[in-house]
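Peer 1: One-letter residues, chain by chain:
Protein chains: 2
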Amino acid sequence: MKKRVVTISRKHGSGGRTIGHMLEERLGIKCYDQQLIEMIAKESGFATDFIEENGEKVTNSLLFNIATSLTFAYNTFSQERMSLQDQLFMTQGRVIKELADKEPCIIVGSCADYFLAEREDVLNVFIHSDKEHRKKIAVEKYGYSPKEVDGILNRKDRERASHYRYYTERDWADASNYHVCLDSGMYGMEKCADIIADLYRID
Amino acid sequence: MKKRVVTISRKHGSGGRTIGHMLEERLGIKCYDQQLIEMIAKESGFATDFIEENGEKVTNSLLFNIATSLTFAYNTFSQERMSLQDQLFMTQGRVIKELADKEPCIIVGSCADYFLAEREDVLNVFIHSDKEHRKKIAVEKYGYSPKEVDGILNRKDRERASHYRYYTERDWADASNYHVCLDSGMYGMEKCADIIADLYRID
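Chains A and B are the protein sequences, given in the same order.
Note that this note's numbering numbers the first sequence so that position 192 is 192, with each residue one more than the last.
Each number in this note's numbering corresponds to the 1-based position in the second sequence with 203 added.
Mixed in with the good hints there might be a few duds.
[Claimed, not checked] List time: in silico DSSO-like cross-link candidates among lysine-lysine, alpha-carbon distance up to 27 Å: (1) Lys-191/A x Lys-394/B; (2) Lys-205/B x Lys-136/A; (3) Lys-57/A x Lys-131/A; (4) Lys-97/A x Lys-30/A; (5) Lys-135/A x Lys-57/A; (6) Lys-205/B x Lys-135/A; (7) Lys-131/A x Lys-205/B; (8) Lys-338/B x Lys-2/A; (9) Lys-334/B x Lys-2/A; (10) Lys-338/B x Lys-359/B; (11) Lys-141/A x Lys-57/A; (12) Lys-394/B x Lys-2/A; (13) Lys-42/A x Lys-102/A; (14) Lys-191/A x Lys-205/B; (15) Lys-97/A x Lys-334/B; (16) Lys-339/B x Lys-2/A; (17) Lys-191/A x Lys-2/A; (18) Lys-300/B x Lys-131/A.
Bear in mind the hints are in silico, worked out from the structure with no lab data behind them.
Given only the sequences and the hints, what does the whole structure look like? Please build it.
Peer 2: Okay, here's the thing in structure tokens:
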């Protein structure tokens with residue numbers, strides 16, 4: 001079946017977001033990344049900073065738990081006893097499903113592969129590369145300190161894996177969740193985008 | 204760097220072995236699969252049936268443990284206190300490393316990606332597909348009964364995963380272990396072979 005939507009899950013610093021934008025040019029369809037966060041912000045009332053910080057991790061911070069308790073109290077009469085984290089996850093799902101209904105597109109992150117699992121016209125992609133390659137990209141692109149970058153990448157990997165596991169009950173980096181997984185460090189981002197674009201175009 | 208060796212890890216029934224032989228034709232290099240088992244048999248003295256049965260699983264059978272105990276007793280003076288399973292694994296590694304030194308080739312199974320991890324000229328591939336697709340192939344190709352095929356595939360998956368984890372301390376289906384992972388059920392084995400051959404030829 002011809003594909004309509006590409007979802008890209010990616011290890012931090014592997015260039016998954018950049019590959020998404022390369023695909024946008026090659027396929028002539030929109031890549032939702034920062035704009036997805038803004039749409040979720042608009043839909044949910046959460047700040048974009050909050051979504052960027054909490055959209056792909058399960059948090060246990062004290063402040064977050066206090067805010068969640070207050071929300072519980074506030075929502076008692078409406079029976080909506082969801083945590084803020086759960087509310088954010090539900091909103092992500094709603095926005096992503098609406099996007100996939102509305103237009104062919106590329107969606108980066110936010111467990112999009114999980115939310116769209118019932119559609120057959122979705123190509124699920126996972127991008128990774130070895131730690132040294134990711135450290136180099138992360139320092140150059142995100143401005144992390146060379147001393148701290150290893151710890152930051154380890155933390156991001158753990159956060160994304162546990163967030164994905166918590167909500168989907170699947171392993172985030174398990175190849176079986178995706179139609180194609182590529183090491184962007186071995187062949188470069190352009191080649192990854194070529195392969196994905198080729199698969200997307202198959203009838 | 205131009206690749207010399209392709210390793211193919213695969214879920215049972217996903218067509219990884221067939222893709223290996225398609226690559227043999229496309230690339231003009233030999234695919235070691237059944238012949239690898241025969242080479243390991245010759246090197247180790249184990250029967251081919253024993254290698255096929257135990258080469259990709261960690262066994263706990265009583266008979267196997269008795270045989271291992273006898274081997275321990277026999278080897279006490281030579282300080283080689285390895286189980287039969289460990290001896291088989293060590294022989295697999297030696298044969299695979301010799302093959303990679305000897306000629307460009309394709310190696311199916313046997314943790315080849317792990318044994319060749321220090322080489323930079325190896326392309327590591329993982330092939331999988333969804334359970335319904337694998338069940339269909341396994342019934343047609345291996346003659347499993349339709350009633351039993353689901354249980355057989357689950358057992359094979361568990362065996363390969365635990366064998367890989369036991370010896371490599373890594374997750375078998377983790378995309379990060381491989382340069383490319385492909386869902387053969389989505390795009391077919393020919394397309395998978397095309398993508399792998401294309402990556403193999405890149406300088």
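Peer 1: Would you mind marking each hint as holding or not holding in the structure?
Peer 2: Verification of the hints:
1. Lys-191/A x Lys-394/B: 16 Å, holds
2. Lys-205/B x Lys-136/A: 23 Å, holds
3. Lys-57/A x Lys-131/A: Judged against 27 Å, a Cα distance of about 20 Å means the pair holds.
4. Lys-97/A x Lys-30/A: Within the cut-off at roughly 15 Å; holds.
5. Lys-135/A x Lys-57/A: Measuring from Cα to Cα gives roughly 20 Å; hence the hint holds.
6. Lys-205/B x Lys-135/A: 24 Å, holds
7. Lys-131/A x Lys-205/B: 21 Å, holds
8. Lys-338/B x Lys-2/A: Answer holds: Lys-338/B to Lys-2/A is near 24 Å, not above 27 Å.
9. Lys-334/B x Lys-2/A: 21 Å, holds
10. Lys-338/B x Lys-359/B: 12 Å, holds
11. Lys-141/A x Lys-57/A: Answer holds: Lys-141/A to Lys-57/A is near 21 Å, not above 27 Å.
12. Lys-394/B x Lys-2/A: Holds. Lys-394/B to Lys-2/A sits at ~15 Å (cutoff 27 Å).
13. Lys-42/A x Lys-102/A: 17 Å, holds
14. Lys-191/A x Lys-205/B: 15 Å, holds
15. Lys-97/A x Lys-334/B: 25 Å, holds
16. Lys-339/B x Lys-2/A: 23 Å, holds
17. Lys-191/A x Lys-2/A: 21 Å, holds
18. Lys-300/B x Lys-131/A: 25 Å, holds
Checked against the numbered hints given earlier, the structure satisfies every one of them.
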